[in-house]
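Colleague: These are the residues of each chain, in order.
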Amino acid sequence: MNNPDSHEHATAWPLLPWHAAGRLGGADEAQVAAHVRTCAACQAELAWQRRLHGAAAIDREVSEVSTPDVDAALARLLPLLDEPARVPRRPARAPAVLAALADWLRRAPLLPAAFALLMVGLSVAPLWQRDGEQDSEQYAGQTGGYRALGPVPAAGGDTAVVFRPGTPAADVRRILAATGAGAVHGPSSAGAWVLSIGAARQAGALARLRAEPAVLMAEPLEAREER
Amino acid sequence: MQQTMTGLAPAGNGPAAAPPARADAEEALWLAQVAAGDRQAFERLYRGYFPRLVRFLGRMTHSTPLIEEIINDTMLVVWRRAGSYDGSSKVSTWVFGIAWRKAKKALAMVDEPVESDDAAWPDEQPSPEQQALADQLARRLAGAVAGLPWAQRLAVVLTYFHGMDYGEIAAIAECPVNTVKTRMFHARRRLKQLLAGEEDDS
Numbered sequence: 001m002n003n004p005d006s007h008e009h010a011t012a013w014p015l016l017p018w019h020a021a022g023r024l025g026g027a028d029e030a031q032v033a034a035h036v037r038t039c040a041a042c043q044a045e046l047a048w049q050r051r052l053h054g055a056a057a058i059d060r061e062v063s064e065v066s067t068p069d070v071d072a073a074l075a076r077l078l079p080l081l082d083e084p085a086r087v088p089r090r091p092a093r094a095p096a097v098l099a100a101l102a103d104w105l106r107r108a109p110l111l112p113a114a115f116a117l118l119m120v121g122l123s124v125a126p127l128w129q130r131d132g133e134q135d136s137e138q139y140a141g142q143t144g145g146y147r148a149l150g151p152v153p154a155a156g157g158d159t160a161v162v163f164r165p166g167t168p169a170a171d172v173r174r175i176l177a178a179t180g181a182g183a184v185h186g187p188s189s190a191g192a193w194v195l196s197i198g199a200a201r202q203a204g205a206l207a208r209l210r211a212e213p214a215v216l217m218a219e220p221l222e223a224r225e226e227r
Numbered sequence: 228m229q230q231t232m233t234g235l236a237p238a239g240n241g242p243a244a245a246p247p248a249r250a251d252a253e254e255a256l257w258l259a260q261v262a263a264g265d266r267q268a269f270e271r272l273y274r275g276y277f278p279r280l281v282r283f284l285g286r287m288t289h290s291t292p293l294i295e296e297i298i299n300d301t302m303l304v305v306w307r308r309a310g311s312y313d314g315s316s317k318v319s320t321w322v323f324g325i326a327w328r329k330a331k332k333a334l335a336m337v338d339e340p341v342e343s344d345d346a347a348w349p350d351e352q353p354s355p356e357q358q359a360l361a362d363q364l365a366r367r368l369a370g371a372v373a374g375l376p377w378a379q380r381l382a383v384v385l386t387y388f389h390g391m392d393y394g395e396i397a398a399i400a401e402c403p404v405n406t407v408k409t410r411m412f413h414a415r416r417r418l419k420q421l422l423a424g425e426e427d428d429s
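Just so you know, the protein sequences line up as chains A and B, in that order.
Number 227 marks the last residue of the first sequence (our numbering); no jumps.
Number 429 marks the last residue of the second sequence (our numbering); no jumps.
Source of the hints: derived by calculation from the structure; they are not laboratory data.
Incorrect hints may have been included.
With a straight-line cut-off of 25 Å between C-alpha atoms, the simulated SDA-like cross-links for lysine to any residue are [said to hold, decoys possible]:
#	chain 1	residue 1	chain 2	residue 2
1	B	Lys-408	A	Gln-202
2	B	Lys-408	B	Ala-359
3	B	Lys-331	A	Leu-80
4	B	Lys-331	A	Pro-68
5	B	Lys-332	A	Pro-84
6	B	Lys-408	A	Pro-84
7	B	Lys-331	A	Trp-13
8	B	Lys-408	A	Leu-80
9	B	Lys-419	A	Ala-10
10	B	Lys-332	B	Lys-419
11	B	Lys-419	A	Asp-69
12	B	Lys-331	A	Leu-77
13	B	Lys-332	B	Ser-311
14	B	Lys-331	A	Ala-41
15	B	Lys-332	A	Asp-69
16	B	Lys-332	A	Ala-10
17	B	Lys-332	B	Glu-296
18	B	Lys-419	A	Ala-41
19	B	Lys-408	A	Leu-78
20	B	Lys-331	B	Ala-400
21	B	Lys-408	A	Leu-74
22	B	Lys-331	A	Gly-22
Computed far set for chain B versus chain A, every beta-carbon distance over 12 Å [stated by the list, open to error]:
#	residue
23	Ala-252
24	Glu-253
25	Gly-275
26	Tyr-276
27	Pro-278
28	Pro-292
29	Arg-307
30	Ala-365
31	Ala-371
32	Ala-378
33	Ala-382
We put the beta carbon where it would ideally sit given N, CA and C, even for glycine.
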């Protein structure tokens, strides 16, 4: 049956590359082998496929000459294994935007909490989405995992803090802990944290936060009025 | 470069060696150790996959720093998500799937080929052996692959350069098996056009 229009041929032809490499499973393999025995066109194609596989094998040998250095690459990766998933690893593309935002917010020191967070979220969020591997929990803190900060805590988050991109998680924890905040929420998709520090400690905490090089912005938030 | 890992083809003109089942089981063991936080197991896995991923990603970009970055992004996911590997596919399928997703993002792939790849081969005088017909085809094949749209290129690269079957490719590409077959069908036709003249020497 050397009929190129046959169903057997239409089924076998697409499988020839894997048949040539011996990578077909039982039923496929039996079917293709049986057809090829009686089909000159498939036999010719099979020879061509074997040549392609052979050519690829040669290419493998040649391309191994100039590979990137595995030791250097591994050395760059190893320090990152310690970092917990939530803090973004890669710097945002436009830190200037963050700096400009921080400047603007500094000039308007008391903002309604929700508004301030909205501004931070809208302006900053796109910069953090470059490597959102959606199915990987490591990016939960960066992109999909915290779509919004959520409602402002009823107890009154009174301070917003934004860290420089790439700040190690340990530093974030240390700096936040040093504020003596009673509650910490975040990070938002924009990388913003909202703290409840309390009026008594706030001035001192803000001064200490702003003295930290890793802190891009630390601003008081106007407490939401109880209604 | 260590040769203890799977997937490294033997010298010669045979098809890409499929990783033997024992080696795949070994990788699965290492991955389980990684899930338990074993860094030496992670390093074994890293060193084993590094050359394979270099070959794979080298078909998608020439930028060595970018290749390294994608590999490290991939292996960082392997480190963090080792516990999620459930054995339903080969380890290589799982790792290559992660690498492909990372590559797509890093390269912002639209469905267009990059320009033809003349820089794939080292710039040196071909030796007499390299004049052989098979080598000529190898050179031209590398260039032709670079002329394929991404989806076809993935199927071709994984089939010829990494010895994978259509089931593995479907898992890595996250598409149905029939889609892989269709892409290969069209890719083969395109390759023949790009490699015009080579086939007559069969």
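Colleague: Would you mind marking each hint as holding or not holding in the structure?
Modeller: Cross-check of the supplied hints:
1. Lys-408/B - Gln-202/A: At roughly 64 Å apart (the allowed maximum being 25 Å), Gln-202/A and Lys-408/B break the hint.
2. Lys-408/B - Ala-359/B: violated (31 Å)
3. Lys-331/B - Leu-80/A: holds (22 Å)
4. Lys-331/B - Pro-68/A: Within the cut-off at roughly 20 Å; holds.
5. Lys-332/B - Pro-84/A: holds (22 Å)
6. Lys-408/B - Pro-84/A: violated (41 Å)
7. Lys-331/B - Trp-13/A: violated (30 Å)
8. Lys-408/B - Leu-80/A: violated (39 Å)
9. Lys-419/B - Ala-10/A: holds (19 Å)
10. Lys-332/B - Lys-419/B: Between Lys-332/B and Lys-419/B the Cα gap is close to 30 Å, so the pair fails against 25 Å, i.e. violated.
11. Lys-419/B - Asp-69/A: Distance of about 35 Å is beyond 25 Å: violated.
12. Lys-331/B - Leu-77/A: Given that 25 Å is the threshold and the Cα spacing comes to 20 Å, the pair holds.
13. Lys-332/B - Ser-311/B: Holds. Lys-332/B to Ser-311/B sits at ~22 Å (cutoff 25 Å).
14. Lys-331/B - Ala-41/A: Since the Cα atoms of Lys-331/B and Ala-41/A sit roughly 36 Å apart, the hinted pair is violated (cutoff 25 Å).
15. Lys-332/B - Asp-69/A: holds (23 Å)
16. Lys-332/B - Ala-10/A: Given that 25 Å is the threshold and the Cα spacing comes to 35 Å, the pair is violated.
17. Lys-332/B - Glu-296/B: holds (12 Å)
18. Lys-419/B - Ala-41/A: holds (15 Å)
19. Lys-408/B - Leu-78/A: violated (39 Å)
20. Lys-331/B - Ala-400/B: Given pair Lys-331/B, Ala-400/B holds - Cα atoms ~11 Å apart, limit 25 Å.
21. Lys-408/B - Leu-74/A: Distance ~36 Å between Lys-408/B and Leu-74/A Cα, so the pair is violated.
22. Lys-331/B - Gly-22/A: violated (29 Å)
23. Ala-252: Ala-252/B clear of chain A: closest Cβ-Cβ about 19 Å, beyond 12 Å.
24. Glu-253: Glu-253/B is indeed farther than 12 Å from all Cβ atoms of chain A, at 19 Å.
25. Gly-275: violated (10 Å)
26. Tyr-276: Its Cβ does come within 12 Å of chain A, the nearest being 10 Å, so this is violated.
27. Pro-278: The claim is violated: Pro-278/B sits with its nearest Cβ about 6 Å from chain A, within 12 Å.
28. Pro-292: violated (8 Å)
29. Arg-307: At about 5 Å from chain A, Arg-307/B fails to clear the 12 Å cut-off, so the statement is violated.
30. Ala-365: violated (4 Å)
31. Ala-371: Nearest chain A Cβ is 10 Å from Ala-371/B, so the label is violated.
32. Ala-378: Correct as stated: the minimum Cβ-Cβ distance to chain A is 15 Å, above 12 Å.
33. Ala-382: violated (9 Å)
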